[in-house]
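**Student:** Join the two chains, each given in its own frame, into one complex according to the hints.
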Amino acid sequence: MLLYILRRLLSAFSVVVVTLVASFALFFLAPSDPAGVICGPKCTPDRLHDIESSLGLDQPAAKQLGLYMKGIVLGRDYDQGGTVQHCSAPCLGYSYSLGQPVTKLLGAALPVTISIVLGGALVYLTIGILAGTIAAQVRGTPLDRITVGTTMVVNSIPYFVVAVLVALYATFLPHSEYHPFLDNPLLWATGLLSAWLTLGITNAAAYSRYARASMIESLGQDFVRTARSKGISERRVVYRHGLRAALTPVATIFGIDLAIQLTGAIFTESIFGLPGIGLLTLRAFGKYDLPVLMGGVLVGAVVLVVMNLVVDIVYTFLDPRVRLG
Amino acid sequence: MSEQTVRAPQTVIRTARTRGANEEPYLEVDDLQVQFPTADGMVRAVQGLSYSLPLRRTLAIVGESGSGKSVSSMAVMGLHDTKTARISGSIKVGGTQIVGMSQQELQKFRGVGASMIFQDPQSSLHPYFTIGDQIMESYRAHHNVTKRKAKARAIDMLGRVGIPNPTRRVDNYPHEFSGGMRQRAMIAMALVNDPKLLIADEPTTALDVTVQAQILDLISDLQRDFGSAVVFITHDLGVVAEIADDILVMYAGNAIEHGPVDKILGSPQHPYTWGLLESIPALSGEPQPLHPIPGSPPSLLAVPNGCAFHPRCEYRERVSGDLCRTLKPDLVSRSADPGRKSRCHLKEPDAVFRTDVLPRLP
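Protein chains in written order, with the numbering used here: chain X, 2 to 326; chain C, 83 to 444.
The set of hints was computed from the structure by calculation and includes no laboratory data.
Backbone N, C-alpha and C fix where the C-beta goes; we use that ideal spot for every residue, glycine too.
Please note: incorrect hints may appear among the correct ones.
What the hints assert, rightly or not - Quick look at which bits of chain C chain X covers, simulated, 3 or more residues with Cβ under 8 Å:
| # | region |
| --- | --- |
| 1 | 194-200 |
| 2 | 213-224 |
As the list claims (entries may be wrong) - In silico EDC-like cross-links for lysine to aspartate or glutamate, where the CA-CA straight-line distance does not exceed 16 Å:
| # | chain 1 | residue 1 | chain 2 | residue 2 |
| --- | --- | --- | --- | --- |
| 3 | C | K165 | X | E235 |
| 4 | C | K174 | C | E187 |
| 5 | C | K190 | X | E235 |
| 6 | C | K231 | C | D253 |
| 7 | C | K429 | C | E399 |
| 8 | C | K345 | C | D419 |
Chain C with its partners taken away, still in its complex shape (with noise of 0.2 Å):
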């Protein structure tokens, strides 16, 4: 394979971490729930989630499987079906709202207001149409222009993400490609329409880890280059920390904690953040015995009342009361820094942080 020259994660400028911050937000999630009804009772998938987030910025969305995350990015895209969702609260995409749109309104903003790629690019492509029919598909459902301009664009997308030889490789099936190359298109085909806002969905989840350096670099040479607003989701510490601007830590359909990288990954404030570190093995050194978070999520059919983390939290008894199980702590700054908020009872989780958490890290 003929890419270019593979970049070591570490030097990659991070220039667009200081950029953008005090913006106009271009993406506001203001108290999203989503709900599924099935039979056994209400699927709570997304409580009451707010963030926002503005052009040139990068937020990574980290949870485990099932905290909320795909969905409530699959809800800024209107990709629930809305015979089995229920969506309620506000998402604005470039001061539009997004919850309660027509099924053609939702088209006319998919691909052109925010675009998405998706974990798997092998399932993701379809396989009996080219790569180059599939991201002209794209172009032409917002572009009225013929097929021999959209295949130009096409060709020229391709190249831009770093595809060698596009005019020919316009032709081939996504079999004929590389996992990393059909990554590269999917992002090809997402940002044909210039979205001013980006969805990746674990983008690099599928993908070895040389490769998955290269997704990450082109993601933000693009964004550089498009000036839009990325929305990254991972479960991956090690990509947020190379990638994010912000973190916003979810656990069972709620927002946890939420802030700048350097602050969330340095000095975190909620129990389950800190139990996230503790359970990335440390690559050199000693050996040492990982320090996992006991219990398992909860269903998001009966979400524990109170703080959700409560049952499976090692430090609940020092809240005085019965706090944890009864109340549910809003999403607040609770240090100096008014960037930078968690969802937690605990009074000095800085101090707690620094005397209980930190000395197991590696």
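Bound-form chain X, shown alone (with noise of 0.2 Å):
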């Protein structure tokens, strides 16, 4: 299992690895002026040069890449006129735009993706399983009907109308700011509460369909009926015997669906105003910040790969017959 991990972690990294590379490749090739950015409308030619020697962005493309990688691992130094800045490991630059460490500006924005996500989540697997549940063991009733075409509605309604619609007409709910969850767990809950009910509705849809097929699927199995000639109760027929196993799909899904969340909540947090992540990035591009996108990257790559060894390492966890040694 150790081993197994391991194993995992490496090709991880590698995965991490390219993505860097081809996300800074696209970014190199693309047209942009960072120093012009930075150097702002009243620029001398002297001051451009200085802000690009002291990014580095005279350099040629692979030592560019080279500085960037290297001060991830130990750290980087920024020579600015003279005044030497050190930025210590893992060290993403500085951001153009907003001049401050990106791993600062990462650093708050991941809690309030996190907050957002994890919050949503809660909401849409409590919402989505029950009613998954409940609509595949009376199918074909109306209330099954009335589930499934509910689901249908609300999924064919684009995730970001479903947040303005949220936005505009749930102004009963409290106003939707970040306040970190350390200072204050009742204003950090309250001021989540819209996004996590958009979130929460948009996906509850999805997550009760793959909830209703997996449990039909689920209770149709001969051990179903094995565990009702036992002579145990119904119930626990349907949610230990059952549900169990109509959960290690769900389960799967829930995995890589949490990963692309927390790497893009941008309507969310756009819509919601809430620094996270996915703001910050769609900032970052507005104004070609290159570390700061390429910051955004690591992030997303970093947490796709460590999602799917999570979801494999849980799946073992689910179904015996895929326990290793």
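**Tutor:** Below, the structure is given as structure tokens:
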């Protein structure tokens, strides 16, 4: 098991490196002028040159990449007109537009995104699995049809429309803003409620469909009939035997969904004005803020490979048949 | 696999065959009807089935897919969903009426009054729970005991069904068992609450032949030890000859022949049973073409009037008039032996069997 995790981590690491190199190349080839952005409108050629050399932008692409990679591992020194500023490892550079270390910006944004996504996940998993399970149990009845119909309708509304609708109409909800959990858990929760609701509603529809389909399949299995023939309660048959088997495929989808949401909560964050990773990268994109964009890509890549690994490890606990050694 | 010595099926001592024959019936099925309303009409899966079975005796229910053998046995366990199945008639197990029982009563009954083992032990055991866990769950559903005691009971049961090293094996998952061991574990689970009736729904179909023989032996042995009645559902007449005391042949939801195994297999009276015997390939002697039953079984949405078998019956011309097409024959004794019944209009079934069918049999 440990060897397996090590092997997976190694391949995960190579995926992250390849992603970094590829996106670095893409951004480098793009017609952008970061030094100009930093320099501002009243720029002189001398000053522009200074900025370029302090950021290493006058170096060849391979050298720049090397400096960037070295920064991540060892840290990096920036020489700004004589004064040396040390950026300690893992250094992802300074934001061109904000002048702050990228790691600091990401460090501030990541808890926001994680809060939004995990809270939303709690909402949609609870509603989705409950609705799906009940619908599967009463399959074919009006209640089932209503559930399926509702999920179809909700599913066909684009995600950002739901977000806008919640922002416009759910005015009874507390004002949407981010407070760190450790400062005030209550304010943290109330401030994120609208975002959780949006994420919850859209995904609950999808998850109730996954859960329903998975549950119908599971309830039709021979082992459920066996369980029933033992003389245990119907609730135990459905929830211990049926749901237990139905949740494994849902857990797999959830792991990947979680990773995607952690890297792509742009709509939720920008509509509700929550300063998470999505909003940070979106703003950086508008300003050719290369270091911040690279930081966003790095976080995304790491989150994806780590979540993939987590799903696979969790799976071995869920299904004894794939348990390793 | 360190299974015990493999006994040849022929050497099983069939002492049960005469035992219990005249005792009080433990299972009594009377005019059982199971119907499923569907969008296409009413599926009449079982149409007035009656039989009885005393303790220590084995009844084999034989028939092809869709003949109603499994559906009728599921009804005995009360396993049909009352929302989708309409059940009428009477099923008494140990004197208790099963038809119309509430879910709570059925829960108490299942596993204790009657137990069931299924065709494919691979899919019938839950893949995510250990063997021991699943047996313990059965036991604790009906006994208020600690986990430790239930586990001791599970280990004891696994030992009794011939699982080597049960103390260690009890913590294994089903996928760590071989097919034969899984079916043994299923049997242990079914018998953990000492039910007096065991329903085995094609328990050896998914197993290879050697393991089949072992499982049949095991069921016979356990039946002797537990003194229970066994309903054995199968389509394998070889298995029937091996394990059963009585046979009930079903066709399109009806019992068409019922009686002691040697009589029914030795000189059957119904053309369908003849067809079944003629469809068994001979394993020795000159290879001969099989004589299959023409046509295919009727849809249970529209069972033919009269005798359900008449469209496929090659002997219907020998019955005077339109009787086969218009009148459903009763399941009654058609010879001097009152214990042997068939559902056919043919006048001299024994004579027809001797002259027309017997020469074709291998």
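**Student:** For each hint, tell me whether it holds in the structure or not.
**Tutor:** Hints, verified against the model:
no.	hint	in the structure
1	194-200	holds (count 4)
2	213-224	holds (count 4)
3	K165/C <-> E235/X	holds, 14 Å
4	K174/C <-> E187/C	holds, 14 Å
5	K190/C <-> E235/X	holds, 12 Å
6	K231/C <-> D253/C	holds, 15 Å
7	K429/C <-> E399/C	holds, 12 Å
8	K345/C <-> D419/C	holds, 10 Å
Of the numbered hints listed earlier, not one is contradicted by the structure.
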